[in-house]
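Colleague: Residue numbers (my numbering), protein chains in the order written: chain Y, 1 to 243; chain Z, 244 to 561.
It cannot be assumed that every hint is accurate.
Lysine-lysine pairs mimicking BS3-like chemistry, simulated, CA-CA at most 25 Å apart [stated by the list, open to error]:
no. : chain 1 : residue 1 : chain 2 : residue 2
1   : Y       : Lys193    : Y       : Lys54
2   : Z       : Lys521    : Y       : Lys222
3   : Z       : Lys428    : Y       : Lys159
4   : Z       : Lys528    : Z       : Lys453
5   : Y       : Lys222    : Z       : Lys552
6   : Y       : Lys54     : Y       : Lys141
7   : Z       : Lys536    : Y       : Lys241
8   : Y       : Lys159    : Y       : Lys141
9   : Z       : Lys552    : Y       : Lys241
10  : Y       : Lys180    : Y       : Lys141
11  : Y       : Lys241    : Z       : Lys463
12  : Z       : Lys528    : Z       : Lys463
13  : Y       : Lys20     : Z       : Lys536
14  : Y       : Lys237    : Z       : Lys528
15  : Y       : Lys141    : Z       : Lys432
16  : Y       : Lys16     : Z       : Lys521
17  : Y       : Lys241    : Z       : Lys466
18  : Z       : Lys463    : Z       : Lys521
19  : Z       : Lys552    : Z       : Lys521
20  : Z       : Lys559    : Z       : Lys466
21  : Z       : Lys528    : Y       : Lys222
22  : Y       : Lys196    : Y       : Lys2
23  : Z       : Lys453    : Z       : Lys463
24  : Y       : Lys159    : Z       : Lys466
25  : Y       : Lys241    : Y       : Lys222
Hints listed in this document are in silico derivations from the structure and should not be mistaken for laboratory results.
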Amino acid sequence: MKILVCISHVPDTNAKIPFKDGKPDLTGISMVIAPYDDFALARAVELRDATGGKLTVINVGLADTEPTIRKALAIGADDAVRVNAQPTDAFFVASQIATVVRAENYDLILTGRESSDFNGGQVHGMLAELLGLPCVVPCMKLDLNGRTAHMYREIEGGKEVVEVQLPLVAGCQEPIAEWKIPNMRGIMSAKTKPLKVVEPATAEARTTVASYQAPPARGNVKMVEASNVGELVRMLKEEAKVI
Amino acid sequence: MNNVLIFVEAENGAAKKSSLEAVVYGAKLAAQTGGQAVAVATADLAAAHAPEVGLYGADRVLHAANVAQPQAAEIAQLVAQAAEQVQAGTVVLAKSIAADLAAAQLGVKLGAAVATNVATLPDLAQGFVIGRAAYTGKALTQVNLAGPRRVLSIKKNAVGLSELPKAGALESFSPSLAANPIQVKEVQKQTGELLLTEADIVVSGGRGLKGPENWGLITKLAKTLHAATGCSKPVSDMDWRPHHEHVGQTGIKVSPNLYVAVGISGAIQHLAGVSSSKTIVVINKDPEAPFFKAADYGVVGDAFEVLPKLTEALEKAM
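Produce the entire structure from the sequences given, and follow the hints as far as they go.
Modeller: What follows is the structure, encoded as structure tokens:
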């Protein structure tokens with residue numbers, strides 16, 4: 001069983017992000033594995049342990065993403081690939097990962113359902129389409145029975161139980177597994193696990209972010225006494241006009 | 244390639260409201276590009292409901308009577324074939340779980356630029372520049388989609404609903420679809436309940452409700468407001484409520500007209516899922532709850548006292 005987990009390197013979700021000259025200013029902000037990718041990685045570690053397979057993580061990013069990749073190795077991945085390029089858009093990233101997958105034939109390719117920076121949720125779908133593989137998203141449960149994957153897929157207002165033969169691509173979310181925290185042994189061994197750097201294949205981004213701004217602030221909150229909810233109803237009706 | 248193709252998802256025979264918003268978006272875009280707005284729907288749209296699609300701006304409606312309840316892969320195939328047939332430069336889908344995956348697959352099939360969660364009509368003077376949130380609601384971005392083709396999934400309230408009456412003539416359309424390797428074995432879905440992503444009003448509860456046995460207070464208020472119900476992450480983590488009701492960074496992101504948060508402190512991860520709501524009401528007994536800073540209206544009070552009174556006042560007012 002060869003498992004590949006695709007991880008994004010994103011700002012800590014607790015961080016406030018300042019914007020300068022139409023761009024996010026990430027100076028001094030700690031960077032992490034994107035939360036949904038962390039769920040995918042956690043389940044992949046469990047499946048690798050259960051099947052005795054091999055777990056590789058891949059990231060498309062410049063050298064500054066290596067501490068994040070090392071963290072994934074500390075959590076339990078066996079080795080890592082970094083495609084040495086700025087992850088300019090989903091199509092570019094999916095194209096890079098597809099190139100690596102074509103040479104390696106993974107059985108199971110997991111990503112998070114979306115990254116917490118661009119929130120596009122497109123890489124898994126594009127990757128699957130480029131490779132001609134089925135794609136299940138958002139995957140909340142994933143068990144393997146030989147080459148058959150049993151999965152829960154969230155739908156609006158509920159979930160579906162689906163079955164697919166490997167190989168496949170899945171975009172994961174909770175509660176597929178609990179996030180794993182690296183232990184000391186993992187952190188020490190991560191330093192010597194293989195991290196291969198490959199140069200990007202030719203692919204063009206199809207989208208570009210022209211500018212960023214902080215969202216407009218809400219006006220001051222209007223407080224209503226708990227004993228006077230009738231006033232709240234009036235304001236929702238006459239002022240906000242939402243009921 | 245001035246034509247715009249809109250995929251219309253339907254349920255119980257009628258187009259979903261989110262899809263009718265997508266039709267409005269597509270019609271407004273077609274008016275800008277000087278093309279036609281063509282809708283494509285499956286057998287899930289009953290012919291009797293097709294005129295509604297015209298009412299919101301579709302010049303024509305391609306009706307694939309041979310496809311029902313499509314998964315993302317089928318949506319991608321049928322929309323790609325329709326896009327070729329009508330020479331659509333832009334494909335518009337209403338954001339949904341299946342539509343977002345179909346959008347990514349369509350991007351590859353059509354060689355198109357893709358943007359999900361689109362919040363504005365494009366600025367064509369600058370190329371094809373749309374607005375969408377990034378950093379999970381902490382930023383607004385302007386994104387340029389390089390031509391010649393684009394696929395957009397649009398979020399609720401991007402343009403809203405307004406009638407733009409067009410002919411909307413039904414035309415039969417027969418896409419050829421490959422067998423789907425993903426077998427759906429079982430569907431567990433609550434029927435008769437308003438979906439979070441479709442609702443104009445959402446009422447969410449947090450840990451302040453103290454236990455799942457108290458959820459009647461939330462559902463009663465929601466019912467009075469014709470709202471969908473949501474919850475915070477701790478509530479779904481503790482299994483008080485199912486995961487598909489979890490609103491926030493790692494759950495559902497909503498953009499209703501009115502979001503009412505009860506007993507939710509307002510962690511940054513929860514705010515990420517609700518920040519694009521038009522109006523936010525926060526009810527919390529802790530006056531220091533950070534959510535008040537992100538709210539339009541606030542009530543400091545115990546949910547167990549405030550909710551029954553609020554529900555009663557609303558029943559009288561509505």
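Colleague: If you draw a straight line from the CA of lysine 528 of chain Z to the CA of lysine 222 of chain Y, is it 25 Å or shorter?
Modeller: 16 Å, holds
Colleague: Taking only the CA atoms, is the gap from lysine 241 of chain Y to lysine 222 of chain Y under or equal to 25 Å?
Modeller: 15 Å, holds
Colleague: Would you mind confirming whether the straight-line C-alpha gap from lysine 196 of chain Y to lysine 2 of chain Y stays at or under 25 Å?
Modeller: 17 Å, holds
Colleague: Is the straight-line distance between the alpha-carbon of lysine 428 of chain Z and that of lysine 159 of chain Y 25 Å or less?
Modeller: Given pair lysine 428 of chain Z, lysine 159 of chain Y holds - Cα atoms ~11 Å apart, limit 25 Å.
Colleague: Keeping to a limit of 25 Å between CA atoms, is the pair of lysine 552 of chain Z and lysine 241 of chain Y held or broken?
Modeller: 20 Å, holds
Colleague: Has the given pair, lysine 237 of chain Y with lysine 528 of chain Z, been kept, meaning a C-alpha gap of at most 25 Å?
Modeller: 24 Å, holds
Colleague: Decide if the proposed pair is consistent with the structure: lysine 528 of chain Z and lysine 463 of chain Z, CA atoms, cutoff 25 Å inclusive.
Modeller: Holds. Lysine 528 of chain Z to lysine 463 of chain Z sits at ~20 Å (cutoff 25 Å).
Colleague: Is lysine 141 of chain Y within 25 Å of lysine 432 of chain Z, Cα to Cα?
Modeller: Holds. Lysine 141 of chain Y to lysine 432 of chain Z sits at ~17 Å (cutoff 25 Å).
Colleague: When you check the alpha-carbon spacing of lysine 536 of chain Z and lysine 241 of chain Y, does it fall within 25 Å?
Modeller: 21 Å, holds
Colleague: Given the hint that lysine 54 of chain Y pairs with lysine 141 of chain Y, does the C-alpha gap stay at or below 25 Å?
Modeller: 20 Å, holds
Colleague: Is lysine 241 of chain Y close enough to lysine 463 of chain Z, meaning Cα to Cα at most 25 Å?
Modeller: The hint holds at about 21 Å.
Colleague: Tell me if the straight-line CA distance from lysine 241 of chain Y to lysine 466 of chain Z falls inside 25 Å.
Modeller: Holds, because 19 Å separates the two Cα atoms, which is no more than 25 Å.
Checked against the numbered hints given earlier, the structure satisfies every one of them.
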